[in-house]
Structures are given as structure tokens and as C-alpha cells.
Amino acid sequence: MLEIKNLSKKYKEGFEIKDISFKLDKGYIMGFIGPNGSGKTTTIKLIMNLLKKDSGSIKVFGLDHIQHEKEIKDRIGFVYDENHYYEDLSIRQMKNIVAKFYSKWDDKQFNYYMKEFDLNPKAKIKTLSKGMKMKFSLAIALSHHADLIIMDEPTSGLDPVFRRGILDILYNIIQDENKSIFFSTHITTDLEKIADYITFINGGEILFSEAKDKILDSYRIVKGSPRLLQGNRDKFIGLRETDVGFEGLTNDVSQIESSFSNEVLIEKASLEDIMVYSVRGE
Amino acid sequence: MLGTINRDLTLIFSNKSQMIIMLSIIPIYLLVLDVSQMERMYFLILVIMTYIFLMTPFAFDMKSQTLSMMNSLPLRRKDTVLYRYLSVFVYFLISIIYSGIYLWIINKTGLMDVEYFNLKMIKEAIPYILITASIMFPANFKFGPRLAQIVNAFLFSFTAVATITLSRYGLSLSTKGIMSLMKGPTLFLVVLAIYLISLIISIRLYENRDL
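Line by line, the protein sequences are chains A and B.
The numbering of the first sequence is our numbering, which starts it at 1 and goes up by one.
The numbering of the second sequence is our numbering, which starts it at 1 and goes up by one.
Isolated chain A (complex conformation) (with noise of 0.2 Å):
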């Protein structure tokens, strides 16, 4: 569906990602994480052919993403960050410029999501709520069959009632094993509910991308006093010290086990651990 090999762009100002690879299936959400400013917009507008890439190669659906940019796009349904759409004209005629554009548009499709979502289509744009707004985008997203939905940030700043209901909402477009979802997002715990893969970016580079209970099961937080530490601070991706104790995140729970015995507490990791302590590293 997605597959991406060592892609790299670098811009004029200095950030640049780096040789990045990572390969999305057909029927699966993969959760793309990472701080802010960790490449995860750049590598969104790199599939979408926003930004031009240095080298590597990107490949959708099996087709090259410039060669066969219309066939892809018209497959693809893209949910931006932030509000993209022309503010002055009604959620109508916004509608009706975009559908234009797409093979197979569903008035029908568009019309049932807007009565799911509470949208009034005679409505300004720019008088919707950023929660509305996001809804728009996700309207207009799916209402033409789209087989990959690419999300930047859809869930960000939203409320938790939006998000859940967001999340509910990709959880039965997933029910058709023909799509998938491409969503980036530093709000991890909506990943818990709903992705199937996780890839983590950091500094243009990716640290992994592999399933999330996969994931979930190999990391582990590690809790003890710090005399422990001491020759030991090797073993850690990454550490949090207080003059009381430790808490560090492991990937290799056995040669902790071996290591410290019984004198530590050993507990799941979540995404959020992962990506917090593999960022601030040791």
C-alpha cells in the first residue's frame, strides 16, 4: 500500500531527514510518532509530493508517487494539520471545488457525513471550531473511496470527546480490509486504541517501525534506587533520575533481570515511555 525506502531530504536551513525506509499493508493503521520537529509533517508532504525529495523512492499502492502523482491522489484522502481550506467560502462550495477533482466523488457519502458529524453545508469555514473543521477535512477525506487515508495530526488539538469520536470513526473505516490509515501524531495514547504498526521518527531518522504489540511487549520501565546505576547506565535507551531513584526504558528485560536481580520493578512500557525516554536518551 505504502512503501517508502531511503527517502532523504535536507533543507536549506538544516534539518534533513535521513535515509528513511518504513512499508504500510493493506488493511492496517500505522501510527507515526515522534516530537515535534521530528519529520513527521516533511515525510507526509514527501508522500504527497509537497516537498521534493533528495533520493530515494516512494511508492503507493505499488506505482512511483511523481510518475503516477494523479492515479495516487485520486486514492489517497489527506487530512492536514490545520485548516487548509479557502475561509471565506461555505462548506458547499468547498465541497463542490474539491469533488470536482475526484473520479469517484460520493455526494451521497458526503451528505451522510455531514449529518454524522453536525455540519451545516451552508456554513462558513471560517466560523467552524477547529474540532469542526477537522471534521470537514475528514468528510471531504472520505467521501471519495478513498484506499489510504494520510493524517497529519488530526487528533491535535482537540478535545478528548472529538478525539475518541475521530478514533471511532477510523476504526470503522479499517472494518474494510481493502484500507489503511497513515496517521502521524504525538498524542500516543490514541495509537493504543487503534494502530496496528507503529513507526517512531526522531530527527529526520526513524528508530523503528514495527508492530505495536511487538513493540509493546520488547520495551520495558525499570524502576530502583540509583546506586544502582552506577556502570550500569549503558543498559538504558533512556533514564529519568531523582535523588530517590531511577526510572529507565529498557528493550532488553532479560539482561536487566540478569544484571539487577530482584533489587528492581520492572513494568510495561507505553508508547509514550518509548517515545519519551528514547528522545531524551541518557
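No wet-lab data here; the hints were simulated from the structure.
Each hint should be verified, as a subset may be incorrect.
[To be verified] Below, simulated PhoX-like cross-link-like pairs (lysine-lysine); rule was C-alpha separation at most 20 Å, straight line:
1. Lys268/A x Lys212/A
2. Lys23/A x Lys5/A
3. Lys142/B x Lys52/A
4. Lys63/B x Lys126/A
5. Lys78/B x Lys70/A
6. Lys45/A x Lys78/B
7. Lys16/B x Lys124/A
8. Lys53/A x Lys78/B
9. Lys70/A x Lys100/A
10. Lys142/B x Lys45/A
11. Lys23/A x Lys53/A
12. Lys12/A x Lys142/B
13. Lys63/B x Lys124/A
14. Lys126/A x Lys16/B
15. Lys10/A x Lys45/A
16. Lys70/A x Lys52/A
17. Lys142/B x Lys53/A
18. Lys53/A x Lys10/A
19. Lys53/A x Lys70/A
20. Lys104/A x Lys70/A
21. Lys100/A x Lys122/A
22. Lys18/A x Lys5/A
23. Lys52/A x Lys5/A
24. Lys18/A x Lys59/A
25. Lys18/A x Lys52/A
26. Lys18/A x Lys53/A
27. Lys130/A x Lys63/B
28. Lys63/B x Lys16/B
29. Lys52/A x Lys78/B
30. Lys100/A x Lys78/B
31. Lys214/A x Lys26/A
32. Lys122/A x Lys16/B
33. Lys59/A x Lys5/A
34. Lys142/B x Lys63/B
We have chain A already, so just place chain B on it with the hints.
What follows is chain B alone, placed relative to chain A:
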């Protein structure tokens, strides 16, 4: 192509204030500008109307930062540029019809004695519009709406000032200056060649631009 024109026309006539602006342009020009030759006024109205049809969508793109959205639609960048260049002819035709009807009404109601169709001025307007578009479009496709607006404003002002000046001294674009060296088919061929070169430059610039 139809999708692009549909977008442009939706934006141009998107709301009441936008429609009022469009309806006011011709009377404002007739009342404010001191153009001694009425056929020059017709030329100016045609050029300005085409210019407004072309530039309004760019202005909306600047205000709402919609480039990412438009470029995520199923449309190749090359097509985006090509449609923009082709749309000039469509908007010129719309401007002839729109101005013709508007000026005919003004004429018939006796408010002012104005020309509502002048083939000679239409022939003069075509190369002028193509040349200005050849400058305007690469600027828009390279720099984006914000910086390109400066180029557009310059061309817009130049058009108005040049037309008034030519009118005042009874000059014609086709009989004076560089234009006088090329008449008839030669002029059109040269202008068309410039337009095609501009199109190729715009495609290159836009295809290699980060949005």
C-alpha cells in the same frame, strides 16, 4: 481544466461582497479614469477584467494558504500550470462577454456613450494580456502568492497608467514602440512564442518547488 475553472469562478463569485466588487469594477473605471478615447477604455476594461479573473484565485490562495490543499488533489503540477495558461483564453472570452453585456446596458440606458464591442481593441488586448501573463505567471509559480502579488500589483498599475497615457496622446499599441515593428501575424507568433517559453519556465519552476 474544468475543475480549475470551476474553482476560480466559485472564488470570484463566492459571496455578496465579492460579487459587488466584480459589478463595481466597470462603473468605477468609467467614472474615475480620464481616458479621452472610448476605445482605449474598452481595451483597458478587457485587460483589467481578464486580469481580475486570473488574479482573484491567487489572492484567495494567499489569504487562506491553500496551496497544500490544492496540490493534494488528483492533479499533476504540470497540469496545474498548463490549465492556468489555458484559462487565460477562457477568461478573456468571459471578459469580452461580461464587459460587452455590461457596457451595452450602460449604452442603451443612455447613462454613457461607451463602446461595447471593438474588434480592433480585442486584437490589441490579446498580445498585451499574453505578454503580461507571461511575466506574471512564472512569478506566481516560483514565489507563491505573497511575493508574486508585488509583481502583479506592478503590472496592474502599469496597465492602467500606460493605457491612460497612450489614450491621452492618441497613441496605439500597434502603431508605436516595439509593437510597431511587428504587425499582424508576426506579432501574434512572437507573442505566442513568448507565452510558450513562459509556460515551459513555469512548469519547471513549479515542478521543482517545495510547497
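To see whether the hints hold, each was checked on the structure:
1. Lys268/A x Lys212/A: Distance ~13 Å between Lys268/A and Lys212/A Cα, so the pair holds.
2. Lys23/A x Lys5/A: Cα-Cα ~8 Å, so holds.
3. Lys142/B x Lys52/A: 14 Å, holds
4. Lys63/B x Lys126/A: 12 Å, holds
5. Lys78/B x Lys70/A: 11 Å, holds
6. Lys45/A x Lys78/B: 18 Å, holds
7. Lys16/B x Lys124/A: 13 Å, holds
8. Lys53/A x Lys78/B: Measuring from Cα to Cα gives roughly 17 Å; hence the hint holds.
9. Lys70/A x Lys100/A: Distance of about 14 Å is within 20 Å: holds.
10. Lys142/B x Lys45/A: Cα-Cα ~18 Å, so holds.
11. Lys23/A x Lys53/A: This hinted pair holds, its Cα atoms lying about 17 Å apart.
12. Lys12/A x Lys142/B: 17 Å, holds
13. Lys63/B x Lys124/A: 15 Å, holds
14. Lys126/A x Lys16/B: With Cα atoms ~16 Å apart, Lys126/A and Lys16/B stay inside 20 Å; holds.
15. Lys10/A x Lys45/A: Status holds; Cα separation ~13 Å.
16. Lys70/A x Lys52/A: 16 Å, holds
17. Lys142/B x Lys53/A: 18 Å, holds
18. Lys53/A x Lys10/A: Status holds; Cα separation ~8 Å.
19. Lys53/A x Lys70/A: 18 Å, holds
20. Lys104/A x Lys70/A: Cα-Cα ~13 Å, so holds.
21. Lys100/A x Lys122/A: The hint holds at about 19 Å.
22. Lys18/A x Lys5/A: It holds: about 11 Å lies between the C-alpha atoms, which stays within 20 Å.
23. Lys52/A x Lys5/A: 15 Å, holds
24. Lys18/A x Lys59/A: Since the Cα atoms of Lys18/A and Lys59/A sit roughly 18 Å apart, the hinted pair holds (cutoff 20 Å).
25. Lys18/A x Lys52/A: Distance of about 14 Å is within 20 Å: holds.
26. Lys18/A x Lys53/A: Holds, at roughly 11 Å.
27. Lys130/A x Lys63/B: Given pair Lys130/A, Lys63/B holds - Cα atoms ~18 Å apart, limit 20 Å.
28. Lys63/B x Lys16/B: 18 Å, holds
29. Lys52/A x Lys78/B: Given pair Lys52/A, Lys78/B holds - Cα atoms ~14 Å apart, limit 20 Å.
30. Lys100/A x Lys78/B: 18 Å, holds
31. Lys214/A x Lys26/A: Holds. Lys214/A to Lys26/A sits at ~19 Å (cutoff 20 Å).
32. Lys122/A x Lys16/B: Since the Cα atoms of Lys122/A and Lys16/B sit roughly 14 Å apart, the hinted pair holds (cutoff 20 Å).
33. Lys59/A x Lys5/A: OK: Lys59/A and Lys5/A at ~9 Å, within 20 Å.
34. Lys142/B x Lys63/B: 17 Å, holds
Every hint, counting from the list given before, is met by this structure.
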